[in-house]
Structure formats: structure tokens, C-alpha cells
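S.K.: Given next are the chains, with one letter for each unit.
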Amino acid sequence: MRTVIAVLLAAAPAVAVAQDRVSQTRPAAPDGVVQIDNPAGSIRVIGWDRAEVAVSGTLGPGASGLDLRGDRRHTWVEVETEGNPHGVSSDLEVRVPAGSDVAIESFGASISVSDVKGMVTAETVNGDIRVGEAPREVQAESVNGGVSVSSRGGRVQAESVNGPVTVRGASGEINASTVNGPLTITGGTFERGRLETVNGRVLFEAGLAARGSLEVESVSGEVELALPENTSADFSVTTFSGDIRNELGPPAPATSRHTTERELTFSTGGGGAKVTVETLSGSIVLRRR
Amino acid sequence: MTCEHLTERLDDYLDGELSEAEFQEVELHLAGCPRCREEERAGRAVVAMAAALPRQQQPPRDLWPGIAEEIGRRRRFTLFSSAASRPVVWWAAGLAAAAAVVVAVWIVPRGTAHGPAVAGPDPRTVVQRASAGVALDGLDEAEREYQRATAELMAALGTRRASLSPETTASIDENLRVIDQALAEIRAALERDPGSPRLGRMLASTYEKKIETLRRVLKLTT
Amino acid sequence: MAAFEQLYRDHVGRVFALCLRLAGEATLAEELAQEAFVRAWQKLGSFRGESAFSSWLYSLTVNTALSERRSRRRRTSRVMTTDDLSVFDRPGRPPRPEHGFDLERALARLPPGARAVLVLHDVEGYKHQEIAEMTGIAAGTSKAQLHRARRLLREALTR
Numbered sequence: 001m002r003t004v005i006a007v008l009l010a011a012a013p014a015v016a017v018a019q020d021r022v023s024q025t026r027p028a029a030p031d032g033v034v035q036i037d038n039p040a041g042s043i044r045v046i047g048w049d050r051a052e053v054a055v056s057g058t059l060g061p062g063a064s065g066l067d068l069r070g071d072r073r074h075t076w077v078e079v080e081t082e083g084n085p086h087g088v089s090s091d092l093e094v095r096v097p098a099g100s101d102v103a104i105e106s107f108g109a110s111i112s113v114s115d116v117k118g119m120v121t122a123e124t125v126n127g128d129i130r131v132g133e134a135p136r137e138v139q140a141e142s143v144n145g146g147v148s149v150s151s152r153g154g155r156v157q158a159e160s161v162n163g164p165v166t167v168r169g170a171s172g173e174i175n176a177s178t179v180n181g182p183l184t185i186t187g188g189t190f191e192r193g194r195l196e197t198v199n200g201r202v203l204f205e206a207g208l209a210a211r212g213s214l215e216v217e218s219v220s221g222e223v224e225l226a227l228p229e230n231t232s233a234d235f236s237v238t239t240f241s242g243d244i245r246n247e248l249g250p251p252a253p254a255t256s257r258h259t260t261e262r263e264l265t266f267s268t269g270g271g272g273a274k275v276t277v278e279t280l281s282g283s284i285v286l287r288r289r
Numbered sequence: 290m291t292c293e294h295l296t297e298r299l300d301d302y303l304d305g306e307l308s309e310a311e312f313q314e315v316e317l318h319l320a321g322c323p324r325c326r327e328e329e330r331a332g333r334a335v336v337a338m339a340a341a342l343p344r345q346q347q348p349p350r351d352l353w354p355g356i357a358e359e360i361g362r363r364r365r366f367t368l369f370s371s372a373a374s375r376p377v378v379w380w381a382a383g384l385a386a387a388a389a390v391v392v393a394v395w396i397v398p399r400g401t402a403h404g405p406a407v408a409g410p411d412p413r414t415v416v417q418r419a420s421a422g423v424a425l426d427g428l429d430e431a432e433r434e435y436q437r438a439t440a441e442l443m444a445a446l447g448t449r450r451a452s453l454s455p456e457t458t459a460s461i462d463e464n465l466r467v468i469d470q471a472l473a474e475i476r477a478a479l480e481r482d483p484g485s486p487r488l489g490r491m492l493a494s495t496y497e498k499k500i501e502t503l504r505r506v507l508k509l510t511t
Numbered sequence: 512m513a514a515f516e517q518l519y520r521d522h523v524g525r526v527f528a529l530c531l532r533l534a535g536e537a538t539l540a541e542e543l544a545q546e547a548f549v550r551a552w553q554k555l556g557s558f559r560g561e562s563a564f565s566s567w568l569y570s571l572t573v574n575t576a577l578s579e580r581r582s583r584r585r586r587t588s589r590v591m592t593t594d595d596l597s598v599f600d601r602p603g604r605p606p607r608p609e610h611g612f613d614l615e616r617a618l619a620r621l622p623p624g625a626r627a628v629l630v631l632h633d634v635e636g637y638k639h640q641e642i643a644e645m646t647g648i649a650a651g652t653s654k655a656q657l658h659r660a661r662r663l664l665r666e667a668l669t670r
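Residue numbers (the numbering used here), protein chains in the order written: chain A, 1 to 289; chain B, 290 to 511; chain C, 512 to 670.
Extracted from the complex, chain A is given alone in its bound form (with noise of 0.2 Å):
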């Protein structure tokens, strides 16, 4: 993120204003690129007809102003703050092309973003972000705030690390990463996911494609997997100290003398898809949808 040291200009107001409100606006392209900066408060992206990009919003103290900039192809949105801009609180609201590649960045913000149909990219350390109604692709990560993706196709990247993440009738690819928070896919159909947490718990209830993959790996967290009836799929399963209940197949085997580790090797209706379970002590759970 980049702080823009503010040139104090002769025509500045010689008293600040608590509270300023802006409203911009610039021609762009129907499907070029919106990049958008602000540390804190809220962005919400919403994808409209006309070839514009228009801000409006209010500024918070500390904010130097609006920097909205750029050529058709790559339009610039940032708010400007002077000294540390994490404190540096605006609401902004920013119409894109519907077919613009948005790409958000801040530090303390919640995000959202809707009827945007190209590629999304957003991160910020505290906000939560939630993303709506079919982007090309998703690429949405946070730190401590949750990631709520529903999409109708392409790939989704959603990661945080103390927030849920969800994701709700996504297709085709997901990668999705969580360490303290829940992790929750649900509906659609995948080619291929890979589901990643430390602590948290993980639940996939979605289906997979017929050649398609899933691979889910957890430390001490919980994973459940509830798979449409007629999947067919080969199944790999292993914990390290943790339990297994298989409702989609024969139990695990038990523990050998030397060690906890147990391991579950089964398919259902003739094999296909593959479905790969790890976890170190965190119990698994197969079940039908």
C-alpha cells in the first residue's frame, strides 16, 4: 500500500474538515483494470453498465484526499493519507465496468465486491471481504477478518488466517486456506479444491467432477466431507492421532502396536474422481449429502 505524502497546496482550506465527501468520476474501458487503495473503513465495489468508474464516499480525517487516476485501460483509485495511513478511516463506494478486473488493497477495510465479471482480486489484514454473483476468478485474502465468496464459475483463491472463510455454489477450482477459522464449501461441483487449515474446521459439502480432485490437509482441525450419493471416487484417508467415521465405505482399520497412525484406502461407484484427506490429529468424517 502506499502512503502518499500530501503536497499542501496554496488553495487548502485553512481549517480541516472533519468529514470530507467526494465524488469522482472517469471514463474507462468496459473491460480494463480498477485498482483501489484504502486503509481503513469499508470499499464497496459494484459492476454497472457505462464505461465510467465512479467514486463517491466520504473521506475520514486524516485523509488528504481522493487520487482517482489513470488511462481508459487502468483506472487508479487511492485514497491519500499523510503519516500513518492505518488509522485513515473512508467509506468509499466505487462503480467499475462490469467486465473490469478489480483489484483492492488495505489494510484495515471490509470489502465487497458485486456484479463484477472479471478477475477479483482483494486482500486487507482486518476487514472481511465478501465477493458476490460470478467473477471470472476470485482471489480474495484476509488476515483476521472472514472471506465470503459466492460465485457461479472459475477459480477461487480465498485464505484467511483467524476469519472463516465460505464459499457457497462455486465451481470448477478452489483453493481455499484458513489457520485458527472454519473453512466452508458448500454446493457446486469441482474439478479440483484444495482445502488447507491448521486449527479450524473444515466442511466441504459440495460434489465433485467426474475426473475431478480434492485434497484437504489439516493440522489438529476437524474435516467432514458430505458427498453427493452418486460420487465415484477413489479414497485416500489418513490421520496421525485422530479418529476416522466413514459412512461411505468400510471403517478404518485399527491402530497398529507402534504407532496411532491409521490409514483408509476405499472407492465408491467404480473409482474417478480422487478425494485425499491428511490430517495430524484432527478427526475426519465421510458422510453422503
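Treat the hints with care, as some may be off.
[Stated by the list, open to error] What the simulated footprint calls covered on chain B by chain C, stretch by stretch (three residues with Cβ under 8 Å from a Cβ of chain C suffice, anywhere in the stretch; the number is not a length):
{"id": "1", "region": "312-322"}
{"id": "2", "region": "329-336"}
{"id": "3", "region": "462-475"}
[As the list claims (entries may be wrong)] With a Cα cut of at most 35 Å, we get these calculated DSBU-like pairs of lysine-lysine:
{"id": "4", "chain 1": "A", "residue 1": "LYS117", "chain 2": "A", "residue 2": "LYS274"}
{"id": "5", "chain 1": "C", "residue 1": "LYS554", "chain 2": "C", "residue 2": "LYS654"}
{"id": "6", "chain 1": "C", "residue 1": "LYS554", "chain 2": "C", "residue 2": "LYS638"}
{"id": "7", "chain 1": "B", "residue 1": "LYS508", "chain 2": "C", "residue 2": "LYS654"}
{"id": "8", "chain 1": "A", "residue 1": "LYS117", "chain 2": "B", "residue 2": "LYS508"}
{"id": "9", "chain 1": "C", "residue 1": "LYS654", "chain 2": "C", "residue 2": "LYS638"}
These aren't lab readings, by the way, just hints derived from the structure by calculation. C-beta atoms are modelled at their ideal positions from N, C-alpha and C, and glycine is treated no differently.
Add chains B and C to chain A, keeping to what the hints say.
M.R.: Frame of chain A, contents of chains B and C only:
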């Protein structure tokens, strides 16, 4: 007290290290000796000027390229030298390659070159290390690389702590604590089951999460 | 290494200033500063964060500068005289201080041992015991060197 004596005592006098008695003697002499007063003034001036020297100065040229090159040279040497007595663990190559990918993650600085920040592995480093796999000592080596990368990031983050709120630093610390606990659990399992490739992979990917968390916070704090 | 480069950029000003004053000469100071950062990188794995990173780095810099000097003394017996003091002309730095006395240049002309102690004690604020631990000389020797340095500087000032 003679002027010679005073010269000998002057610095202790200026540093406040004289006994009460000696202190009085010096003051008495100074009161009656202009030449020594002159020297005392010069003494104070020297100490004051030294303390006021600017503590910062940029070098005449950028030293970073030389530093980076030297680091690269020493790092390659460490990795490629193999002691005959060390056992070779076949899966360690994969682990270290994974480590290399993480350690070599670079961030295109957003500065004058506008563009989305790009994070990706340096392919040359990955290939270098993957091919060096046979010579590596395995888990210890890879763990050290991870620990170095983590320390690097934590130090860099440390200098930015002032700009973070206490809640943020507390939550980052908590996140790292959870990961460290998981790392400890995996290491404990490795002790019961050494050489397990699965555990090795789990260790690597947990380390990667730690580094990824730090890297991300650092990037968004810069 | 991007994070380490950031550390370099954050701290090089301080590290170089320290090296420059200890070395009294720019080329050597650059080498010392580079060596300090390389060593910091190598030892970074052992930095546990008990103290501030900056303190750890500067202490390492002092050690690097002093041990380099010791090993150089063993390797070469040349007396270091320096005529190129243009490195002390920083942009924005007043060319002639009030008294017409330039402490930096006078420092550079001190004998190395005395200069090191004066920099560590009067510029950096270390105590004699700390200097003794860092340099391997006795605390009493540190004090003697400090007094010698200050006396030489006083003479230069009142000349």
C-alpha cells in the same frame, strides 16, 4: 591541585565520576584558573558535539547489490556442500524445494511502477535447489531455511509495529502462536515416526502458512 | 529476500554512519557495512526478538567493524592516514560549523583505538563495561582511550 592534575581529572569530572572531595577540588581550581576554565569549556564542547552528531548517513552508493550477491554466494555454498557422513533422505528434496519456493517469494515493490503487487517464486532458485536435492541433509536444512525466512519477516515486521494497533499485533501474535503449536505437534509426531514423508509435507505446509501470514501483513503494512 | 532488503533500507543509514565513524574512511566503511548486513542475514535465524532488532543489528555492526579492524591490523601494517574526507560532505550539511571546527574530520584523524572508544562512548552512548565486552579490551583501557581521544579533540578544538 595543579593544572596538570586537573587535565587528568577533567574527563571524570565531565562524566560525573569524581568523589565529592575531588569534585570540590576541581571546582576550586577552575574558579581561579582561566586557562583551565578554557580547557573545561573545550571539554564540554567536545562531548556535546559528539553526542549531537547525526546518527544516520546514507552511503555514497547503494550497497544492497553487493550484499545480495554475497548472501547468494554464501547460501549456495552452504546448500551445495555435502558432508559425506550426513544421511540423504530422498523426500527431503521435495521439502527443501518447497522451502525454496517460499523463501524465494518476492514481491514486486509498488512504487513508481504501477501495477498489482505480484508474488511468485523465483524459478531459478527452485530449479537450483531441486537439483541439489541429493546433497541436502533433509529436514533440518529445510527447517533452518524456514526459520530464517520467518525471522527475516518478523524482524521486518518488528520495525513496523509502531504503526499497527495493539489489537492487530495481538491478533497476529495469537495467529502465530496457533501455528507454532501446530508445528510443535507435528514435530512431536515426527519424533515418534521419523522419516514420514506425509509428516514432512505437513510440516512444510504449516511453515508456509506462517511465512505467508507474515508476508501478507508485511506487504500490506508497507 | 525482499523482506531483508527492506530491513537493509530501513537501517543502512544508521549502520553506515556507525561504520564510517569507526573506520574513519569511506571505502572501508562501505565494506564494513556490507559485511555487517551479510552477517546479520546469516545470524538472523538466531535472532529471537528479545531485544529490538535495531539494537541487535547495531551491536553486530560494532562487532563486525572492530573485528574487521583487528584482522586487518594483523594482515597489513600500514598506518591508515586519510586525506579523502569528502565523504563527510553530506548534502545539506553546513560546510563550516560555527567554531570553524569539524568534529567528524577531527575524529577521522584520531588513532583508531581511541577513535573507536570515543565513538562508542560519546556518540553511541555505550558504557565502558559494554565497550570492554564488545572490543575485548579492559574497562580501564577503555577509559584511558576515551580520555586520550577527548584530549586530542580538545587540542584540535582550541588550536
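S.K.: Does each hint hold? Answer for all of them.
M.R.: Taking the hints in turn, this is what the structure says about them:
1. Check on the region 312-322 of chain B: 0 of its residues sit with their Cβ under 8 Å from a Cβ of chain C, so the three-residue criterion for coverage is violated.
2. For the region 329-336 of chain B, the assignment as covered by chain C holds, since 5 residues bring a beta-carbon within under 8 Å of that chain's beta-carbons and 3 suffice.
3. With a threshold of 8 Å between beta carbons, the proposed coverage of the region 462-475 of chain B by chain C is violated, since 0 of its residues qualify and at least three are required.
4. At most 35 Å may separate the alpha-carbon atoms for a hinted pair to count; A/LYS117 and A/LYS274 meet this at roughly 30 Å.
5. A C-alpha spacing of about 31 Å is found between C/LYS554 and C/LYS654, which places the hinted pair at or below 35 Å, so the restraint holds.
6. Between C/LYS554 and C/LYS638 the CA atoms are separated by roughly 25 Å; this keeps the pair inside 35 Å, and the hint holds.
7. Our distance criterion of 35 Å between C-alpha atoms is broken by B/LYS508 and C/LYS654, whose separation comes to about 46 Å.
8. Between the alpha carbons of A/LYS117 and B/LYS508 the distance comes to roughly 27 Å, so the proposed pair stays at or under 35 Å and holds.
9. For the suggested pair C/LYS654 and C/LYS638, the alpha carbons sit about 10 Å apart, so the restraint of at most 35 Å is met.
Hint compliance for this structure: hints 1, 3 and 7 are broken, all remaining hints hold.
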